[in-house]
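Undergrad: Next come the chains, spelled out residue by residue.
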Amino acid sequence: MENNIRTLRAERGWSQQHLADLLDVSRQSVNAIETGKYDPSLPLAFAIARLFERHIEEIFDDGRGVAKAAE
Amino acid sequence: MTQPKGFRTANKRYLMIFVPMMAFYCVAIAVAFTFIDIDTASTGVRMGAAIAIALPLIAILMAILRLVRETDEYTRMRQLQALSEGGVMLTGAIFILGFLERFNVIPDIPLFLFGPGFFFFYGLAHLRQSLGKIV
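Note that the protein sequences, when read in sequence, are chains D and G. Following numbering that gives the first Met the number 0, the residues of the first sequence are numbered contiguously, the last one being 70. Following numbering that gives the first Met the number 0, the residues of the second sequence are numbered contiguously, the last one being 134.
Note that these hints are calculated values from the structure, not bench results. Be aware that one or more of the hints could be misleading.
What the hints assert, rightly or not - Pulled from the structure, derived: some chain D residues nowhere near chain G, Cβ distances all over 12 Å:
{"hint": "1", "residue": "8"}
{"hint": "2", "residue": "20"}
{"hint": "3", "residue": "22"}
{"hint": "4", "residue": "24"}
{"hint": "5", "residue": "26"}
{"hint": "6", "residue": "27"}
{"hint": "7", "residue": "28"}
{"hint": "8", "residue": "29"}
{"hint": "9", "residue": "37"}
{"hint": "10", "residue": "38"}
{"hint": "11", "residue": "40"}
{"hint": "12", "residue": "42"}
{"hint": "13", "residue": "43"}
{"hint": "14", "residue": "53"}
{"hint": "15", "residue": "57"}
{"hint": "16", "residue": "60"}
As the list claims (entries may be wrong) - Taking CB as the label site, the calculated pair distances span:
{"hint": "17", "chain 1": "G", "residue 1": "22", "chain 2": "D", "residue 2": "14", "range": "50 to 58 Å"}
{"hint": "18", "chain 1": "D", "residue 1": "14", "chain 2": "G", "residue 2": "37", "range": "48 to 56 Å"}
{"hint": "19", "chain 1": "D", "residue 1": "56", "chain 2": "G", "residue 2": "87", "range": "49 to 57 Å"}
{"hint": "20", "chain 1": "G", "residue 1": "42", "chain 2": "D", "residue 2": "16", "range": "29 to 37 Å"}
{"hint": "21", "chain 1": "G", "residue 1": "30", "chain 2": "D", "residue 2": "1", "range": "36 to 44 Å"}
{"hint": "22", "chain 1": "D", "residue 1": "14", "chain 2": "G", "residue 2": "80", "range": "21 to 29 Å"}
{"hint": "23", "chain 1": "D", "residue 1": "46", "chain 2": "G", "residue 2": "65", "range": "18 to 26 Å"}
{"hint": "24", "chain 1": "D", "residue 1": "46", "chain 2": "G", "residue 2": "80", "range": "41 to 49 Å"}
{"hint": "25", "chain 1": "D", "residue 1": "57", "chain 2": "G", "residue 2": "92", "range": "25 to 33 Å"}
{"hint": "26", "chain 1": "G", "residue 1": "115", "chain 2": "D", "residue 2": "38", "range": "30 to 38 Å"}
Beta carbons are placed, not taken as given, at the ideal position from N, Cα and C, and that holds for glycine.
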């Protein structure tokens with residue numbers, strides 16, 4: 000699943016460690032989510048969305064929304 | 000059942016067990032091997048020494064399990080993968096060495112060595128993770 004967490008984080012000037020501290024997860028977790036190696040659970044995805052004051056679908060994209068819109 | 004507490008709290012709670020138990024283990028093993036003569040000490044003394052050395056290690060294993068329950072979801076997944084991969088590698092080693100021993104190819108292996116063996120394979124699994132071999 001793709002996401003734009005790296006962009007949102009950069010806009011705020013936050014490091015991966017700072018974001019990890021805010022979410023109370025490891026820095027490796029943030030890195031794994033940013034690089035698409037790991038898809039977060041719904042509670043963590045909601046926590047990320049709340050932190051960036053966005054809707055979940057504005058941050059995460061499973062690729063199906065675009066495909067559905069194209070149909 | 001223990002609920003997830005977040006990465007920092009879980010790590011702190013793990014270290015609060017790990018550090019004193021590892022110190023206790025080091026002291027126990029130093030005292031036991033320095034002051035206890037295995038050939039002449041009573042069964043009670045030898046049993047007490049063996050249990051005193053093993054108990055802190057069991058406490059550390061329990062702390063690892065608690066860390067797995069309490070830490071963040073990604074770290075939990077990595078820990079569980081390392082634990083399961085370490086366990087599988089250790090079981091494989093036990094089968095191979097056990098049968099080699101059974102057929103008198105190699106001499107008897109002290110059973111307690113499989114404890115450090117587990118931590119070795121557990122560490123090896125973590126190393127494989129950091130090299131990107133598993134998530």
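Undergrad: Which numbered conditions among the earlier hints are violated in the structure presented, ordered from lowest to highest?
TA: Hints 2, 3, 4, 5, 6, 7, 8, 9, 10, 11, 12, 13, 17, 19, 20, 21, 24 and 25 not satisfied by this model.
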